[in-house]
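Residue numbers (this note's numbering), protein chains in the order written: chain A, 1 to 291; chain B, 1 to 325.
Keep in mind that the hints were calculated from the coordinates and are not lab data. Just so it is clear, CB atoms sit at the ideal spot from N, CA and C, and this is done for glycine as well. Honestly, I wouldn't trust all of these hints.
[To be verified] Computed footprint of chain A on chain B; a stretch qualifies when at least three of its residues, placed anywhere within it, have a C-beta under 8 Å from a C-beta of chain A:
id : segment
1  : 22-29
2  : 88-98
3  : 243-254
[Claimed, not checked] Partner residues are not named here, just some residues of chain B that face chain A (Cβ under 8 Å, in silico):
id : residue
4  : PRO106
5  : ILE125
6  : ALA205
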Amino acid sequence: MSAQFMQYLLTGITVGAIYALVALGFSIIFNASDVINFAQGEFVMIGGMATMSLIAAGLPYGLAIPLAVAAAALVGLALEKFAVEPARGASVVTLIIITIGASIFLRGLATLVWDKNLHAVRPFTGDAPIAIAGATILPQSLWVIGVTLAIVLALSWFFGRTLLGKAMLATSHNRLAAQLVGINVRMVLFMSFGLSAALGAVAGILIAPITTTSYDVGVMLGLKGFAAAILGGLGSGLGAVVGGIVLGVAETMSAGYVSSAYKDAIAFVIMLAVLFFLPSGLFGKRGGDRV
Amino acid sequence: MLARLASPRTGGLLALAVVIALLPLALSNKYFYDVAILVGLNAIVCIGLNLLIGYAGQISLGHAGFFGLGAYGSAVLASRYGWPPLAALLATTGAVAMLAYVVGRPILRLRGHYLAMATLGLGIIIFMIISTEDKFTGGPDGISVVPFSVAGFALQGERVWYWVVGALLLVAVWLGLNLIESPTGRALRALHSSEVGAEVVGINAAEHKLMVFVVSAVFASVAGSLAAHYSGFVTPSKVTFLHSIELVTMVVFGGLASTFGAVVGAVVLTTLPQLLAAFEDYEMMVFGAVMIGTMIFLPRGVVPSLARLLRPRRAGGAAGKDSLA
Numbered sequence: 001m002s003a004q005f006m007q008y009l010l011t012g013i014t015v016g017a018i019y020a021l022v023a024l025g026f027s028i029i030f031n032a033s034d035v036i037n038f039a040q041g042e043f044v045m046i047g048g049m050a051t052m053s054l055i056a057a058g059l060p061y062g063l064a065i066p067l068a069v070a071a072a073a074l075v076g077l078a079l080e081k082f083a084v085e086p087a088r089g090a091s092v093v094t095l096i097i098i099t100i101g102a103s104i105f106l107r108g109l110a111t112l113v114w115d116k117n118l119h120a121v122r123p124f125t126g127d128a129p130i131a132i133a134g135a136t137i138l139p140q141s142l143w144v145i146g147v148t149l150a151i152v153l154a155l156s157w158f159f160g161r162t163l164l165g166k167a168m169l170a171t172s173h174n175r176l177a178a179q180l181v182g183i184n185v186r187m188v189l190f191m192s193f194g195l196s197a198a199l200g201a202v203a204g205i206l207i208a209p210i211t212t213t214s215y216d217v218g219v220m221l222g223l224k225g226f227a228a229a230i231l232g233g234l235g236s237g238l239g240a241v242v243g244g245i246v247l248g249v250a251e252t253m254s255a256g257y258v259s260s261a262y263k264d265a266i267a268f269v270i271m272l273a274v275l276f277f278l279p280s281g282l283f284g285k286r287g288g289d290r291v
Numbered sequence: 001m002l003a004r005l006a007s008p009r010t011g012g013l014l015a016l017a018v019v020i021a022l023l024p025l026a027l028s029n030k031y032f033y034d035v036a037i038l039v040g041l042n043a044i045v046c047i048g049l050n051l052l053i054g055y056a057g058q059i060s061l062g063h064a065g066f067f068g069l070g071a072y073g074s075a076v077l078a079s080r081y082g083w084p085p086l087a088a089l090l091a092t093t094g095a096v097a098m099l100a101y102v103v104g105r106p107i108l109r110l111r112g113h114y115l116a117m118a119t120l121g122l123g124i125i126i127f128m129i130i131s132t133e134d135k136f137t138g139g140p141d142g143i144s145v146v147p148f149s150v151a152g153f154a155l156q157g158e159r160v161w162y163w164v165v166g167a168l169l170l171v172a173v174w175l176g177l178n179l180i181e182s183p184t185g186r187a188l189r190a191l192h193s194s195e196v197g198a199e200v201v202g203i204n205a206a207e208h209k210l211m212v213f214v215v216s217a218v219f220a221s222v223a224g225s226l227a228a229h230y231s232g233f234v235t236p237s238k239v240t241f242l243h244s245i246e247l248v249t250m251v252v253f254g255g256l257a258s259t260f261g262a263v264v265g266a267v268v269l270t271t272l273p274q275l276l277a278a279f280e281d282y283e284m285m286v287f288g289a290v291m292i293g294t295m296i297f298l299p300r301g302v303v304p305s306l307a308r309l310l311r312p313r314r315a316g317g318a319a320g321k322d323s324l325a
């Protein structure tokens, strides 16, 4: 295995981990409410930007990160309360426009709270590259991969072993049945936005030291995370993670071996290919329509 | 005769023609003419998009792509290769129609979110190709476009373009209204309420959806070509995801399944950013808030909601605002 291949692979996995976190956020909200949350990318942005300004204000990472995640979660909860809940039962187009409007609103808010510039963030544990099998990897990338792994494990424990998690899963399978057994479906929806926002924020915080952050980082990351969710199958947690990693690696490999000019387009080409040939994605439910 | 005047095709068209004819009295300078022309071009795209979203019940988050292809096609053929602008426009429109036909087939097999995402992906890929192939397209800086000239007569200046766009808008509205009232239009509306039901009575859903998709792409492409010639240059900024969203918002805001709603939507949402320019810092926030607010409080759009409000006032009257919707 050449050193170049290893380099692309490691970079791809790092980037893929971020896509996986964003895709998980999409899947959780989609499962709870059939809503595609176009504002997901903005949670990523809020996580990164909030951390940046808290660090600049002098707080240590240990305080800044939880505060930033909490801030993003609050924004997610507010989004659900004020934008999604009033429009319950609306059509697909309406909900899409609402979440897109929310993402535009949040970006506008970000330019007021912060500004339009790029901001650098200090890496968690320094930036001395580490050599692995002929390739180099930044310590921050190890953080990205490690934290993502930890989160995925935590989420599977949460959904498999806790009451709230199981309630959320139940709601995603059949909302009416969940209501009938006494699950507060509205609370599940509310919490799922908060959880997705937190996931997005973590992704934003992890990647900010590597790629710098600004008010519009959320747009592309959100869209690509979305492509990853589609690749893995909308609504499937495992699919989100696998889709994210596969997308990240595919993107880096094609940028390296084929054409770096179209690096950003790869995600969308893959998304279109999945939608044309396997719409339910790798792990999604192969459903039919009820007539 | 009064009853005929009340129908959308005659009454509404006449009203629009009167507005277009009288508007210049209120447009006191170049800037206002410019906004009016922009509104007109957006309205043309929206009428086509409304056929797709409002009547056929599909969705497209990538129509800025077709607009951009029309603009760049005309620009490149006319400016780089010296084609006569009219020929460039016709060739570009034909090419876009073919692209929509080829891509539409697999895309329209999808529904709901998946269709939205596929069109989104298509629009973004078009944007990236245009931005990256800078040998042809000038990349992010764009290229300049020669003025539109037919048989030696060049269209230049806001006033001339205003009348051209106004006339084309009337044609587009007329085409849209005619399509809706025709058997094809009825087939589309049947499709919208129940695709399976429509197929059961013999309507070929796939063919009809494809046709609407191609028609809406053509509207967008023509508007794009004209916009390129009018502005004198093209940049990728008109081909972005954001522009696609603005177009969909105009259609939904103005009123789905309402051709005049599409025009109203274009008017309001094209002029809104101009009005908000004074609040430059808050522009994005207000635009986003407007999008959210309209969808929550006026989910059917402005024109149908207003029509519903006015309907009880006209007890028993056949002529009424609702016939304009």
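Cross-check of the supplied hints:
1. 22-29: It is violated: at least three residues are needed, and the segment 22-29 of chain B offers just 0 whose Cβ sits closer than 8 Å to chain A.
2. 88-98: That given contact is violated, which follows from only 0 residues of the segment 88-98 of chain B lying within Cβ reach (below 8 Å) of chain A.
3. 243-254: holds (count 4)
4. PRO106: With a closest approach of 5 Å, the B/PRO106 hint holds.
5. ILE125: 5 Å, holds
6. ALA205: Result: violated, 13 Å to nearest chain A Cβ.
Hints 1, 2 and 6 from the list above are not met by this structure, while the remaining hints are.
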